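Novice: Sequence:
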Amino acid sequence: MVLAQELSADLLLIDERKARKTALQLGLPVTGIIGVLLEAKKAGLISAIKPILDQMEAVVAFRLKRSLYNAAVRAAGE
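The sequence shown: position 36 = 36 (the numbering used here), numbered continuously.
Hints should not be assumed to be uniformly reliable.
To be verified - Just the calculated beta-carbon pair ranges, DEER-fashion:
1) 60 <-> 19: 14 to 24 Å
2) 15 <-> 77: 18 to 28 Å
3) 77 <-> 13: 21 to 31 Å
4) 13 <-> 78: 21 to 31 Å
5) 50 <-> 7: 27 to 37 Å
6) 42 <-> 63: 37 to 47 Å
7) 8 <-> 50: 31 to 41 Å
8) 8 <-> 66: 33 to 43 Å
9) 66 <-> 35: 10 to 20 Å
10) 18 <-> 47: 27 to 37 Å
11) 39 <-> 60: 12 to 22 Å
12) 27 <-> 68: 22 to 32 Å
13) 58 <-> 27: 28 to 38 Å
Keep in mind that the hints were calculated from the coordinates and are not lab data.
In this text the structure is predicted, and so the values were computed from the model without any measurement.
Glycine included, each C-beta is placed from N, C-alpha and C at the ideal position.
Kindly generate the complete structure, drawing on both the sequences and the hints.
Specialist: Dropping the structure here:
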């Protein structure tokens, strides 16, 4: 976060809830992996986010609330 402030970063990639809250309090623009995946699909870089989210949960134990998972998949039109 300090580096993002020093560099006046356009965006900070962070998923951990407490850290996101702190970053937002500091006025830093944030996004998480879901935001990155949605932008990648929008840009045509990937065809779907659901298989990627599923693989992240299975392979690297990425934890995601079901409600957020469902909202992301809906936002991606899947």
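Novice: Run every hint past the structure and note whether it holds.
Specialist: Comparing the hints with the structure gives:
Against the hinted window of 14 to 24 Å, the Cβ-Cβ separation of residue 60 and residue 19 comes to about 18 Å, which satisfies the hint. In this structure, residue 15 and residue 77 meet the distance hint of 18 to 28 Å, their C-beta atoms being roughly 22 Å apart. Between residue 77 and residue 13 the Cβ separation comes to about 23 Å, which falls inside the hinted range of 21 to 31 Å. For residue 13 and residue 78, the Cβ-Cβ distance of about 22 Å falls inside the hinted range of 21 to 31 Å, so the restraint holds.
Our hint of 27 to 37 Å for residue 50 and residue 7 holds, since their Cβ atoms are close to 33 Å apart. Between residue 42 and residue 63, the C-beta spacing of about 25 Å breaks the proposed range 37 to 47 Å. Checked against the given bound of 31 to 41 Å, the beta carbons of residue 8 and residue 50, roughly 35 Å apart, stay inside it. Between residue 8 and residue 66 the Cβ separation comes to about 36 Å, which falls inside the hinted range of 33 to 43 Å.
Restraint check, residue 66 to residue 35: a C-beta distance of roughly 18 Å satisfies the suggested window 10 to 20 Å. At roughly 33 Å, the beta-carbon separation of residue 18 and residue 47 lies within the given 27 to 37 Å, and the hint holds. Distance hint for residue 39 and residue 60: a CB-CB separation of about 20 Å, consistent with the stated range 12 to 22 Å. Under the hint 22 to 32 Å, the C-beta atoms of residue 27 and residue 68, about 24 Å apart, fit the expected range.
Look at residue 58 against residue 27: about 36 Å separates their beta carbons, and that is inside 28 to 38 Å.
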